[in-house]
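Visitor: Chain order of the listed sequences is F and C.
Following the working numbering, the residues of the first sequence are numbered contiguously, the last one being 390.
Following the working numbering, the residues of the second sequence are numbered contiguously, the last one being 390.
These are calculated hints, taken from the structure and not from any lab test.
Treat the hints loosely; a few may be bogus.
All copies of an identical chain are treated as equivalent in the list; a pair is satisfied when it fits inside any one copy or across any two copies.
Result set (DSSO-like, lysine-lysine): computed pairs, CA atoms no more than 30 Å apart in a straight line [said to hold, decoys possible]: (1) Lys43 / Lys372; (2) Lys88 / Lys43; (3) Lys388 / Lys88; (4) Lys222 / Lys329; (5) Lys388 / Lys16; (6) Lys298 / Lys69; (7) Lys124 / Lys298; (8) Lys124 / Lys388; (9) Lys43 / Lys222; (10) Lys388 / Lys222; (11) Lys28 / Lys124; (12) Lys372 / Lys52.
Being a predicted model, the structure only gives us computed values, none of them experimental.
There are 2 protein chains.
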Amino acid sequence: MRNFEYQNGTRVIFGKGTQTRVGAEMRKLGGPVLLHHGSSSIKRSGLYDEVKASLEAEGLELLELGGVKPNPRLSLVRQGIELCRKHKIGSVLAVGGGSVIDSAKAIAAGAVYAGDVWDFYTGKAQPAASLPVGVVLTLSAAGSETSISSVITDEEGWHKLACNAPAIRPVFAIMNPELSMSLPPYQVACGATDIMAHVLERYFTSEAEVDLTDRLCEATLKTVIAAVTRALADPRDYAPRAELMWAGSLAHNGLLDTGRLADWGTHRIEHELSAIYDVAHGAGLAALFPSWMRFVYKANLGRFVQFATRVWDVDSSGQPEAVALEGIKRMRDFLVSIGMPVDLGGLGIPGDRLEEMATKAMRFGPLGNLVKLGREEVLAILHLAAQKDW
Amino acid sequence: MRNFEYQNGTRVIFGKGTQTRVGAEMRKLGGPVLLHHGSSSIKRSGLYDEVKASLEAEGLELLELGGVKPNPRLSLVRQGIELCRKHKIGSVLAVGGGSVIDSAKAIAAGAVYAGDVWDFYTGKAQPAASLPVGVVLTLSAAGSETSISSVITDEEGWHKLACNAPAIRPVFAIMNPELSMSLPPYQVACGATDIMAHVLERYFTSEAEVDLTDRLCEATLKTVIAAVTRALADPRDYAPRAELMWAGSLAHNGLLDTGRLADWGTHRIEHELSAIYDVAHGAGLAALFPSWMRFVYKANLGRFVQFATRVWDVDSSGQPEAVALEGIKRMRDFLVSIGMPVDLGGLGIPGDRLEEMATKAMRFGPLGNLVKLGREEVLAILHLAAQKDW
Numbered sequence: 001m002r003n004f005e006y007q008n009g010t011r012v013i014f015g016k017g018t019q020t021r022v023g024a025e026m027r028k029l030g031g032p033v034l035l036h037h038g039s040s041s042i043k044r045s046g047l048y049d050e051v052k053a054s055l056e057a058e059g060l061e062l063l064e065l066g067g068v069k070p071n072p073r074l075s076l077v078r079q080g081i082e083l084c085r086k087h088k089i090g091s092v093l094a095v096g097g098g099s100v101i102d103s104a105k106a107i108a109a110g111a112v113y114a115g116d117v118w119d120f121y122t123g124k125a126q127p128a129a130s131l132p133v134g135v136v137l138t139l140s141a142a143g144s145e146t147s148i149s150s151v152i153t154d155e156e157g158w159h160k161l162a163c164n165a166p167a168i169r170p171v172f173a174i175m176n177p178e179l180s181m182s183l184p185p186y187q188v189a190c191g192a193t194d195i196m197a198h199v200l201e202r203y204f205t206s207e208a209e210v211d212l213t214d215r216l217c218e219a220t221l222k223t224v225i226a227a228v229t230r231a232l233a234d235p236r237d238y239a240p241r242a243e244l245m246w247a248g249s250l251a252h253n254g255l256l257d258t259g260r261l262a263d264w265g266t267h268r269i270e271h272e273l274s275a276i277y278d279v280a281h282g283a284g285l286a287a288l289f290p291s292w293m294r295f296v297y298k299a300n301l302g303r304f305v306q307f308a309t310r311v312w313d314v315d316s317s318g319q320p321e322a323v324a325l326e327g328i329k330r331m332r333d334f335l336v337s338i339g340m341p342v343d344l345g346g347l348g349i350p351g352d353r354l355e356e357m358a359t360k361a362m363r364f365g366p367l368g369n370l371v372k373l374g375r376e377e378v379l380a381i382l383h384l385a386a387q388k389d390w
Numbered sequence: 001m002r003n004f005e006y007q008n009g010t011r012v013i014f015g016k017g018t019q020t021r022v023g024a025e026m027r028k029l030g031g032p033v034l035l036h037h038g039s040s041s042i043k044r045s046g047l048y049d050e051v052k053a054s055l056e057a058e059g060l061e062l063l064e065l066g067g068v069k070p071n072p073r074l075s076l077v078r079q080g081i082e083l084c085r086k087h088k089i090g091s092v093l094a095v096g097g098g099s100v101i102d103s104a105k106a107i108a109a110g111a112v113y114a115g116d117v118w119d120f121y122t123g124k125a126q127p128a129a130s131l132p133v134g135v136v137l138t139l140s141a142a143g144s145e146t147s148i149s150s151v152i153t154d155e156e157g158w159h160k161l162a163c164n165a166p167a168i169r170p171v172f173a174i175m176n177p178e179l180s181m182s183l184p185p186y187q188v189a190c191g192a193t194d195i196m197a198h199v200l201e202r203y204f205t206s207e208a209e210v211d212l213t214d215r216l217c218e219a220t221l222k223t224v225i226a227a228v229t230r231a232l233a234d235p236r237d238y239a240p241r242a243e244l245m246w247a248g249s250l251a252h253n254g255l256l257d258t259g260r261l262a263d264w265g266t267h268r269i270e271h272e273l274s275a276i277y278d279v280a281h282g283a284g285l286a287a288l289f290p291s292w293m294r295f296v297y298k299a300n301l302g303r304f305v306q307f308a309t310r311v312w313d314v315d316s317s318g319q320p321e322a323v324a325l326e327g328i329k330r331m332r333d334f335l336v337s338i339g340m341p342v343d344l345g346g347l348g349i350p351g352d353r354l355e356e357m358a359t360k361a362m363r364f365g366p367l368g369n370l371v372k373l374g375r376e377e378v379l380a381i382l383h384l385a386a387q388k389d390w
């Protein structure tokens, strides 16, 4: 086990009806409040009115910036920063899923930074401070509600980059699983895939003797596998929605990589996919992860055997390589069973820009930690992912 | 799943050599520092000198209060509070295990409270503020380093009571597993039992549909079972010490009871044992838990079957009752295998004061949540625990 530091100060307020507390929580952070959201779905569901009423009941001055899209855009972030400065905004409230939260974090950190916010994403600077951010979560997926991450897309040139800094972790996250019930099944499956991918990136480490975090990862994966299947079968069933929502936070709040070095290779490759093709992040991950596994499994066969036997209950008595491959196959079959694409064709992505994506993925040098992936390796994984069958 | 709130702001600094950072961390909390410890073992190991040097290198003014004993005493807490007030102490540093940390928390909260600190333990008041507390942990057991709990014994009348309040959670915890290597095997086993007991109190809930936390609990139990066996076999082996130390914190920092109501019946009964007989807390728990399980298992047979099959790998094809009983038997056999007593005789406790303990245990009304235990039920569990064989 490696030395580590861990702290997660976000206050989680979890359960039915909790969105009514947003006004009181935001008042603690101080106004005026920038209310940031994606517009349409929260207006349809009535959540928008509910949040606004709660904020107004606390006498908070409000400014609004809607229109966040999946793969949130740098241009909107810049607009938000300008608003914050002009109106002396005291805190930012994100109402939505990972895209809205990531965008809110970028705005909040950018507003108190003298330079250009994009510096935080290109690695030129690290956010040391931020306006306080509160969250009302509507979607179980990115885990951004308690994480230190934000991923933003610069639509000029379609660069999709991440910033990771404790300063941007939300102060509180209101998480009512009922709010996620109106999502279309495809989005539910994308979200569950994203949660699983966050765990898998951490699980596939080359660090030995990390038994506790291994088992916590496996526990989270098994929970998500069962819960998403139930959630898709009955969208109004509260219990699996609650499991998914809490699992989404735990998958990405830093706990599961304490003492180990996570991989992140597949995420980095996916960012190149979704930067160009603007696909849903979870679907992009589904289309890549089995191919990544297939490409790297021999580098740590023991870990892939453990994954197969503990997560997928593969009989451990077979040849290790056969056991490992069966685990990967079950992961892939599971993704198919929840309606995810498991190859680029399923995502609607043609094979003509693989070279370009592999090149762009090298922006900061080789990817991943379980296996270091150079341009050729990334290209090989993309080619695997472009095949219908291996 | 129940609605819940969760926040754990303690900064964990984990790994080899981390105790050298204590001075810099305490400087952030502000001096003068009250250095609180148990005296002998940290002086023998050299940790005392190392901590003092680190504090002095930061120019921190120091005041010292040693002499904390297992089942920490109210009289020493009162002495500490007086010192804090007289010397305008700015922060408290606990160097040791759960007893030292619990005592430091009591001092830190009592120092800023106008009334009597014992009010926090009798339920007359709740700590709303506290001097900041830092920790250098030497023992994997109580989980006090990141918890909101403190347990103190009033030696006049031998009342052992708990206080739980977010205000007393330590600001930081330095956790170097190497520091736990010099413990005698009996203390290592007591610590592991305490960790498992913290998980079991949460695991045995009557709340349905708490799959994620169930699985996280099982993950933690399986890790501790394997790690303590390895740690006892080779005291200098770092990996199992690291697993135990991190598991000890996670077992008791609130994560594992999110969304569920924990039991705490066995802990409450144990407090009556150790208040009178001053036994090690972990050993007291080992002597009681199997009997508690045996007494209550029919009230939630499904949960005991799950415990047997997932934690102890009992074959699930048998009759549910037989499967549940086999799980309890394996838990008991495991405790025996690590040198723990599993009955009161093994603890050296005679059977002549069971009635008195059962009466005192009713101080705040019936115990536990899986099954509400009145005086007669507590007495029945104590009688079971007094038998050598069931």
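Visitor: Does each hint fit the structure? Answer for all of them.
Guide: Status of each hint after checking the structure:
1. Lys43 / Lys372: So Lys43 and Lys372 fail the 30 Å test inside a copy (45 Å) and across (46 Å) alike.
2. Lys88 / Lys43: within (26 Å within a copy, 55 Å between copies)
3. Lys388 / Lys88: neither (53 Å within a copy, 72 Å between copies)
4. Lys222 / Lys329: both (16 Å within a copy, 27 Å between copies)
5. Lys388 / Lys16: neither (42 Å within a copy, 48 Å between copies)
6. Lys298 / Lys69: Intra 39 Å, inter 52 Å, cutoff 30 Å: neither.
7. Lys124 / Lys298: Close neither inside one copy (36 Å) nor across copies (61 Å); limit 30 Å.
8. Lys124 / Lys388: neither (40 Å within a copy, 68 Å between copies)
9. Lys43 / Lys222: neither (34 Å within a copy, 46 Å between copies)
10. Lys388 / Lys222: within (27 Å within a copy, 40 Å between copies)
11. Lys28 / Lys124: between (32 Å within a copy, 28 Å between copies)
12. Lys372 / Lys52: The answer is neither: 48 Å in one copy and 43 Å across copies each exceed 30 Å.
Of the numbered hints stated above, those contradicted by the structure are hints 1, 3, 5, 6, 7, 8, 9, 12, listed in ascending order.
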